[in-house]
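One-letter residues, chain by chain:
There are 4 protein chains.
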Amino acid sequence: MKRLYLLFLYLLIVFSISAQIETRKEIHIPDIPGYKTLKCDFHMHTVFSDGSVWPDIRVIEAWREGLDAIAITDHIEYLPHRHDMNIDFNRPHEIAEPEARQLDITLIKGSEITRKMPPGHINAIFLTDASLLKQDDWKDAVREAKKQGAFIFWNHPGWKGHQKDGVPRWYEEHSWLLENDMLNGIEVVNYFDYYPLVHDWAIEKNITMMSNSDIHYPTGMAFEFHKGERRAITLVFAPDKSQQEIKKALFAGRTAVMFRNNLYGKEEFLEPIFQNSIEILNKNITVARGDKLVLQIRNNSDLDYILDAPEKDAPYSFGKEVTLYAGRVSIINVKFSPEVDEKLKEVNLEYNVKNLFIDPETNINTTIKFPVIISK
Amino acid sequence: MKRLYLLFLYLLIVFSISAQIETRKEIHIPDIPGYKTLKCDFHMHTVFSDGSVWPDIRVIEAWREGLDAIAITDHIEYLPHRHDMNIDFNRPHEIAEPEARQLDITLIKGSEITRKMPPGHINAIFLTDASLLKQDDWKDAVREAKKQGAFIFWNHPGWKGHQKDGVPRWYEEHSWLLENDMLNGIEVVNYFDYYPLVHDWAIEKNITMMSNSDIHYPTGMAFEFHKGERRAITLVFAPDKSQQEIKKALFAGRTAVMFRNNLYGKEEFLEPIFQNSIEILNKNITVARGDKLVLQIRNNSDLDYILDAPEKDAPYSFGKEVTLYAGRVSIINVKFSPEVDEKLKEVNLEYNVKNLFIDPETNINTTIKFPVIISK
Amino acid sequence: MKRLYLLFLYLLIVFSISAQIETRKEIHIPDIPGYKTLKCDFHMHTVFSDGSVWPDIRVIEAWREGLDAIAITDHIEYLPHRHDMNIDFNRPHEIAEPEARQLDITLIKGSEITRKMPPGHINAIFLTDASLLKQDDWKDAVREAKKQGAFIFWNHPGWKGHQKDGVPRWYEEHSWLLENDMLNGIEVVNYFDYYPLVHDWAIEKNITMMSNSDIHYPTGMAFEFHKGERRAITLVFAPDKSQQEIKKALFAGRTAVMFRNNLYGKEEFLEPIFQNSIEILNKNITVARGDKLVLQIRNNSDLDYILDAPEKDAPYSFGKEVTLYAGRVSIINVKFSPEVDEKLKEVNLEYNVKNLFIDPETNINTTIKFPVIISK
Amino acid sequence: MKRLYLLFLYLLIVFSISAQIETRKEIHIPDIPGYKTLKCDFHMHTVFSDGSVWPDIRVIEAWREGLDAIAITDHIEYLPHRHDMNIDFNRPHEIAEPEARQLDITLIKGSEITRKMPPGHINAIFLTDASLLKQDDWKDAVREAKKQGAFIFWNHPGWKGHQKDGVPRWYEEHSWLLENDMLNGIEVVNYFDYYPLVHDWAIEKNITMMSNSDIHYPTGMAFEFHKGERRAITLVFAPDKSQQEIKKALFAGRTAVMFRNNLYGKEEFLEPIFQNSIEILNKNITVARGDKLVLQIRNNSDLDYILDAPEKDAPYSFGKEVTLYAGRVSIINVKFSPEVDEKLKEVNLEYNVKNLFIDPETNINTTIKFPVIISK
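Sequence order for the protein chains is A, B, C and D. Mapping the first sequence onto this note's numbering, position 302 (from 1) lands on 302, and the numbers just tick up by one. Mapping the second sequence onto this note's numbering, position 76 (from 1) lands on 76, and the numbers just tick up by one. Mapping the third sequence onto this note's numbering, position 86 (from 1) lands on 86, and the numbers just tick up by one. Mapping the fourth sequence onto this note's numbering, position 127 (from 1) lands on 127, and the numbers just tick up by one.
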């Protein structure tokens, strides 16, 4: 009866919204110097194209799941519900907008230009009038998007609906888009798929990396949240979550991909995320030569950090393979050599973080540092 | 991308449906002698009135959550999406029907006659043409439903939208309905509310007891399944899950209410459900006088049975307060008196089942029996 | 093989401790002005009396479960394992001590003086030599504890092993203890039992309130952590977690009881815990007359706060029954009257917190405040 | 207070045991023709060597976790608790025995002969007097075990405590054991490690495959059950769970390894386990040429079966990659060719089961069959 209640009886509304529906579980990925780390999803559908939910549901889902910003991007050319609905390409945004304002979710107007490959499916977000994207020629549709100042990105280049073998292919149409500044971003992750090749392209061609859910069903049906499953999101590094700052960040390439327990992105973003996630709890560490130290590290993020230490010469040995569990305090054992120099002032535990990727094959390398006093 | 994939590329469909979406968790409530115990929900909404999902989603949810039969019952008179949709009262059923056939869910055509109190909201199910229920006079709407052979029931009599204090009130309109055989059922449970007073009415007036979710949102948003939350359902006792047998069972009052961890209904249904749920695992029980016996009982149902033994005289004492956990083996300790008669052949553990109610105040009384040999 | 590995091969140890075993889930109850909020359990057993685990396990459990301090308090007079073990009352502490030092758990030496009622079971903690508590006369045992400077408290006064009806009874022996300053604390909660009567006693007689697990089994066997079950703990308000500060705090009565989702204690402790748990996320709130405001509140604690608003006259109405879920952002809807005075500068939402108790019948009353600008 | 209660107040015991402690979650792996599938763990420790729990806890854990039979196998030569305990190698079994009898767990007497490599650690189970295994020469210890009729197996051949690189090595000592019929079994899995090389040895040399937890801590501390983590177990195929039948089955090599979501063993055991786990729910399947069929399959086991279809020519296509989730109903889509022969009577879906291994590299191949009628 909830919904009816909401709509029928305006005066009672303040006493009625279910805490279950209206409870938000934030995503904990720390901010980095100069920027907030925004959690965004720029690709999703509603009943206005081939999705399964009314547009406001996308806002409520986003709020519940800890997102900061979303774009609803219904298809322009694919409209299976058109006999039952009066299709207006601006309506999904319009319908969702009041809920977004109330829940403080940044709602960006978007559409999906839906063509066969090449060029495939292309999202345009920050539109002013989505209905103008309905064009016979796909190039006209993209030109219109650009005219509206949209941020334009190529969706799921490895989608099996377009490439039977799941291998993304770069066509001259994409070169044309890129050369004309109409390929601002590209989905490195879509729904449950990560495309390493696209990751490489994004780096080589300097295209903004995107990661989106492309959700059609209710998210609670597509993701098993209780098993820790998450929707794919784009992390956007921006001073605040306003439309203009998100847009600026996207054009500037200030994003990273968050997919399952992994991040993919530039070292300049991933390294501070890691460092700002962890906190050493031991205070005033004083050890004698030959001592064992149990280092307690709190990981304030939602990611399990999987650490692996390369072989190095040091006056201390320490856990080679360690996982710093999300939201927990974990331990790294450090054993000091009986010959450790008393002048040692700082311990440097060098690790590869196996779930943070700067390219498909390379992990970030980081150092967990802490001061120490070697007692005599 | 799932949904698009499904719709666009028919030939690939057989390889693609996600196991996550398409996995069913059955509800374990055992059959009873002569009947299957069907799990049904006869009250729910879609975007065609004030719900949030496309009609096929209701079928997929039902399948995933272990239901056998559902009725989609969009409002006739309350249509907040009417500017965006071409409302046809038969369409929700029509749209959901192919999915229901594929997934083997019995889909019953219904509508909600949505009036102010009295008479309030009334569901009619097993309709042939829902569009004929659009009438100026609510009595005409109900008459039309009856004409179509519908099973008609009163929804959420204690809804705060109609009764500010949440107390159900019986009006002469309801007497009129009852006298004219147009009040075949009544919701003892709606969404998160159980109405004890309605339970009493159902018993006194011999009206079929209903329990429905009245879901508007996606179920995954309304219920925290991972915390064990469930949608309210009506158990229907019928030879099979065909439309005709469910209809016959409803008219015959062969239902029980399943709400949270409780069942509400007639003893003739609840007692065999309890007995068919449990299984004593000990074999060939032989005990000496004064012995302690650890009775292991498997509860094959999804309900935790909360047992409480009334004080009785017996040659054995046994656990007064015991819970037989759902899907687990639990223990009842039985201690035989040193004076127990060697002729004792059967042990009878008499219990009240605190979560099975034959009226709002009364639990069923049952006996867990097993043969025993008292060794000399 | 873990344990063997640890003990056999000292040099490899730094690479081997399992993250699973060595992961700590902190308990989030905020500090209050002037004090840290320490999470403590002062009553537990090991194989050295009738417990099931080796003493070091109690430290590991405490660390994993987010505790700051524990006391192992094996029985002096009840020693069912004495034929298999060489009982030394100081050994459990001694064995557990190295693990406690490594994991930075404050380990307090204790014992349980285990007599029939009256006086029942009495814990003495901060002992220097537990073996001296073995005395024929229980009064001598308590005198010895006092001589050692121990903090002495009465365990589970309502235990059914001592009071068949579960009702705590105060005997003259307890008056004697109290008069002689040998009844410094009392268990308001033990294991799964809360004793309201004892809560009253603690207030009237100004005895420090304790809440302890009294765990005998491994905690993972006794508590279903994955269902949110917790061990009962005593919150201690102290500047740090050193033995001396905890001791000082206990003697000063600076404790509260944390049991299930409830806190029991003085308003001066519970009110700041509540206020320091919550955080209003809306910034620069400006509303027009008649507006609805969706207030987003983050609850950083591990407690679900269950709020209920008493009826009051105010120029705004707001959610009467609201739950602020642990670790989540929840919503309070506030609706401003069309006649709200433009001079209004601050909104005060007055609530009873139904799960914070200052006595068995009384909840704390608190106010959620935030600045507002009424726009013209 | 639980334990004290149990021991102190015998008369009340029948009313008091906590359902939480005494609830058993069965392991669902079906029986196979001629045999029950017993869930067993033949390697674990208590405080009597280097384990952390009193022996009866091993029985309670086993019962709670759904096991049928266990062996407690404390070390003979490694006794870190010897200063606090009176070590008697038969005591752990003796102490645990009453609990095992009450809970109907088959408790097998065992010991671990604990030597450096070679020969490493060797378990002997079905002993009559464990104390006789204390011998200077390890060969004498094994000879004594054999004299007592024990089943003897080599533990964790790849343990890093013995082989720094984790690679199992076969020494002549093991050949000696094998030749003298004193190497009846071998651990293919120990705790969290699977040794593919040992799996190969077991096949080549016809040694019984074992899989054991080797648990030292409380199991609730070592395994995250709520995340689906399980202890490694040995499946034993025997007519019943008596000591003699388990012993016979072990000597006859009637075992399989259950580790995480995998089974390792002979095809003659794994194939019927798979077939007896699944159940096709569709009845009387009639399809037209070109039809799509949604096959609903219930998997009654606790294993997710991960299926992959090899490419084959057939008059129907069907899901290539399918997971049949544990305890759920999953779907296989089958699409019949428009040219399918009307004489087709049976559909054969051939699959590799990716988590059932007959050797380290080879999965079982199976066929899901069902009758079909091709309608005209």
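Read the hints as simulated data drawn from the structure, not as lab findings. Predicted, not measured: the structure shown is a model, and the values here were computed from it. Honestly, I wouldn't trust all of these hints.
Quick list of simulated restraints, FRET-style, between CB atoms [to be verified]: (1) A:Asn276 / B:Gly327: 53 to 63 Å; (2) D:Asn261 / A:Ile373: 40 to 50 Å; (3) B:Gly327 / D:Glu204: 36 to 46 Å; (4) C:Arg289 / B:Gln148: 43 to 53 Å; (5) A:Lys354 / D:Asn261: 56 to 66 Å; (6) A:Asn300 / B:Ile280: 42 to 52 Å; (7) A:Ile373 / C:Gly228: 35 to 45 Å; (8) D:Lys116 / A:Lys320: 21 to 31 Å; (9) D:Asn261 / C:Gly166: 27 to 37 Å.
Every residue, glycine too, gets a C-beta built ideally from N, C-alpha and C.
Quiz item: Which of the listed hints are broken here?
Solution: Going through the list in order, the structure violates hints 1, 5, 9 and respects the others.
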